[in-house]
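Enquirer: Okay, here's what each chain looks like letter by letter:
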Amino acid sequence: MNPQLLQLICFYLFGFIAVVAALAVITLKNTVHAVLSLVLTFFSAACLWMLADAEFLALALIVVYVGAVMVLFLFVVMMLDIDQEKMREGFVKFLPVGLIVAAAMLVEMLGLIGVKAMHAQVMGADPAAMAGVSNTAWLGQALYTKYLLPFEVAALILTVGVVAAVALTLRQRVDATRHESASEQVRVNPRDRVRLVKMDAVRPAQPMPVPPQEPSS
Amino acid sequence: MVDQLINHLVWPIVYILCITIPLILAVAMFVYWERKVIGWMHVRMGPNKIGPLGLLQAFADVVKLLIKEVILPTTANRFLYYLAPMLTLVPALAAWAVIPFSGKMVLSNANAGVLYLLAMTSMGVYGIILAGWASNSRYALLGAMRSAAQVISYELAMGLCLVCVLVLAGSLNLTDIVNAQAGHKGLLDWFWLPLLPVFVIYFISGVAETNRAPFDVAEGESEIVAGFHVEYSGSAFAIFFLAEYANMILVSFLSAILFMGGWLSPFPSSWGFIGHAGFPWLLIKAFLFSFLFLWFRASFPRYRYDQIMRLGWKVFIPIAIVWVLVAGCLKYFGWVTIGTGV
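Chains as they are written, first to last, in the working numbering: chain H, 88 to 304; chain X, 7 to 348.
Note that these hints are calculated values from the structure, not bench results. For each residue, glycine too, the CB sits at the ideal point set by N, CA and C. Every clue listed holds true.
Reference excerpt, derived from the structure (chain H facing chain X, CB under 8 Å, subset only): (1) Val-119; (2) Glu-142; (3) Phe-143; (4) Leu-146; (5) Ile-149; (6) Val-150; (7) Val-153; (8) Gly-154; (9) Ala-155; (10) Val-158; (11) Leu-161; (12) Phe-162; (13) Met-165; (14) Ser-221; (15) Ala-269.
Each pair of labels, with its calculated beta carbon distance range: (16) Ala-288(H) x Glu-227(X): 31 to 39 Å; (17) Ile-96(H) x Met-35(X): 35 to 43 Å; (18) Met-92(X) x Ile-200(H): 36 to 44 Å; (19) Ala-229(H) x Ile-12(X): 39 to 47 Å; (20) Tyr-88(X) x Ala-229(H): 41 to 49 Å; (21) Ala-189(H) x Phe-293(X): 55 to 63 Å; (22) Leu-245(H) x His-14(X): 40 to 48 Å; (23) Leu-245(H) x Glu-227(X): 38 to 46 Å; (24) Leu-194(X) x Met-166(H): 45 to 53 Å; (25) Val-96(X) x Leu-159(H): 20 to 28 Å; (26) Ala-304(X) x Tyr-234(H): 45 to 53 Å; (27) Lys-320(X) x Ala-241(H): 23 to 31 Å; (28) Ile-44(X) x Val-284(H): 29 to 37 Å.
Looking at chain X on its own, in the form it has when it is part of the complex (with noise of 0.2 Å):
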């Protein structure tokens, strides 16, 4: 009995604890670094006062941001002012479940993973318009349908996109899918290169998803001062602020994972040490597409509403349905090779 319990609930909860904090920790740390590579794009500093090289600044704010006053508006929806963050930050969470870190490191190897991941992350937009809703105020509930409609116009074409990496994978397993892409060319094995107008299309949704510059119109400072959460004060903010970070970082890794070849090295696997697969390759790719979104941000000027949904319905969907057609004839004549090619 008390085998069992430790074995269906202490170990789950340990490794959960496994990948949360250390979650927690790279949000805090990416937006650090994030204030930082803005400021370079701009010709400032960036935070440089609080800790070496300011790197205590993100635990500074979130002090800041425990130790304020949660603040309700009079008129607001009392429970669903305050579930909605918890609405947001759950699916952001739960979604890292089946994400696997290397061949073996996985919390859940799910055969419905990508499903599951769809799933998690369609849920997530609940917060953002209870938030909207619930705070009784104008400039939320505007921002609040903006990014209600943004997501769920960029989902369908996140969702075609996935489909053409299960038609070439053959599998919903996202080992699985890492596993098709090895092979003994390193780099030129991955799905990045057939399915390369798909992987664009997948990154510049998954930044629209998540409601980031340049498609941050749910949030438009100078439109709608801060969209859904403009009511929100203290920690309530925090946790918007945590989901949405993380959910950045988990599009960065669902990149790597789907287009990049997960935990696979890039080089062949004649070239020894570094043609090793490994953890740090993800960690390394998932960097990488984390940056881009930061760059982004201090790149481009922010869409115009009615843009962001024009580039969605009538550019990126039609582009992926006929790549959809392109990745069955690319598994059905065997252009590409699955797996390591024997």
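Chain H on its own, in the form it takes in the complex (with noise of 0.2 Å):
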């Protein structure tokens, strides 16, 4: 069993799983497993990237999509309280427009292959591989050098996403519930809260002796 059919069935295995799980994220009825179905799709992406060697984007994926991105997504799911049957009533409404909007999504992939097609080595060598260095030092040099200033924008745009996404959610509640703050708590001192006494220790008060009780007659 040479290297080379061994990584072709693994290609095939891993392709397979994929595909059969993102049908699975639009067939399952229960949303909690089609959530989960999209995590292995994810997972066996990550896997194929891996085996074309692009191991640094496969474990970005694992990290970001897998362990961040999709938890929040379970989360909002599980929060959710679908109606099954009210969403499978629209479906012959609302085929028409899916069916454009997948031809279209057909029609543009379709389109995108016959370009790359055309320029036969559009896919040049592994220029990590031609550099004789790792994928992820490769890349890592690649971003900050080459790339630096469409890197560096990227990243700007995406804090400026943060510090919108929590200017609109941030906001004082002062009359809804009561609120504590916790840098006030932080910084309160506990001798303001606990007194602590120091006392002398003394001898328990002797219980009162028992008078013996004066036999009954």
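From these two lone chains plus the hints, build me the complex, please.
Expert: Printed below as a string of structure tokens:
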């Protein structure tokens, strides 16, 4: 069994799992199961990338999407109380729209593949392998030298997104609930809260001697 | 054909067993040690009846858990309920693949080892969330939500701490990271010194990420009974237990490898025998870190939930971000010697 054959088998295995899981995302009735299938799809895609020696992208996909984004997604889906029957009601009504969107996407993808095929060597040789360094090291050097400006711009846009999200959700609710400021609580002086009293040890009071009971006559 | 099968299948499995079986035994002894230490700190004896000094207590507990019935709550989601413990255990064990035990002893000397670790530890949260959701119990769901929010928050601080280490070491490979801490001064060459605040943050985040005291609101007994695994019994519960302790030992090993020089000796190399690097040093360091987990548990009262979030987001992450810049300056201006300093 030569390595190429093994790699091919692994490729088809991961690809098959990815496709099946992706189908499961849109067919499963239970929404939590659907989200988990999406996680499996991401994971299989990461495995495929790993096969293609793109280990940084593969692991970043797992860390970012599987480890953070999908967890939050799962949260939201778990908290929703979805009526399954109602969700399926408009199927026929929305079918034409869905078909149009699907057809448009198919045409676009075919066009892209066609254009790529015309430029025979769009996918050049692996630059990391040519430079003789690991994929991660090459990616880091490319990002921080050749593509530094786009990289920083992307980072800036993401930061703006974070600030916007915080600004949208941050509101002082003075009237609604009892609110305690954490920073105020941290700054409190223990002496204002607890008073330690030093007392001399004293012998506990002796119990009163019980007078001997008169035998009842 | 047979040769290749043995080379590519049998030997890796043997190596994996060489790591996991001692790990599982270490978990058993760690549980015993925890009960002993906490007992001593509470002025009690701890387990002392089963076996000499109570050493077999952990094994007795395992047997007890394994022969107990696994109860499935009536309205639980059967498939996910049984899947959740596996989803917790598998990443906890898989993460050990890239841990280097000494200069040559490592199962997979992956180039992106640190990223792989981050990926595996971030997967563990699924087991917790699904366990909480699939049990169809309010306590379990509350525990799962708390736990997941906490793990995600502290993962960010942890990731930024790792960035500092990566900047100094210039590699994602754990073996390279330890080698970058080598030097003639022993202890003073390790990364804990230039990255002191980050080192502290990393370990505390590790404690929070494994949901251990004082950050164990996920299973705060006084509020939500046992959190996400309240409905689990028998072997399913044992798997959660195993995963939690394996993760604690993993964080201990990682703190030792990333900041305390891994298998390097704390003494200068000119000191003869004790100046040599070797596996026992890593073991001693990891043991000290794992002891800290127990010490914390017996010393500190539990944090309130909003204060945990505040600590992670408003204290740790800003400090870690600033220290990324500091680490960059240390590296750029050559204030820290990387490697043996030649």
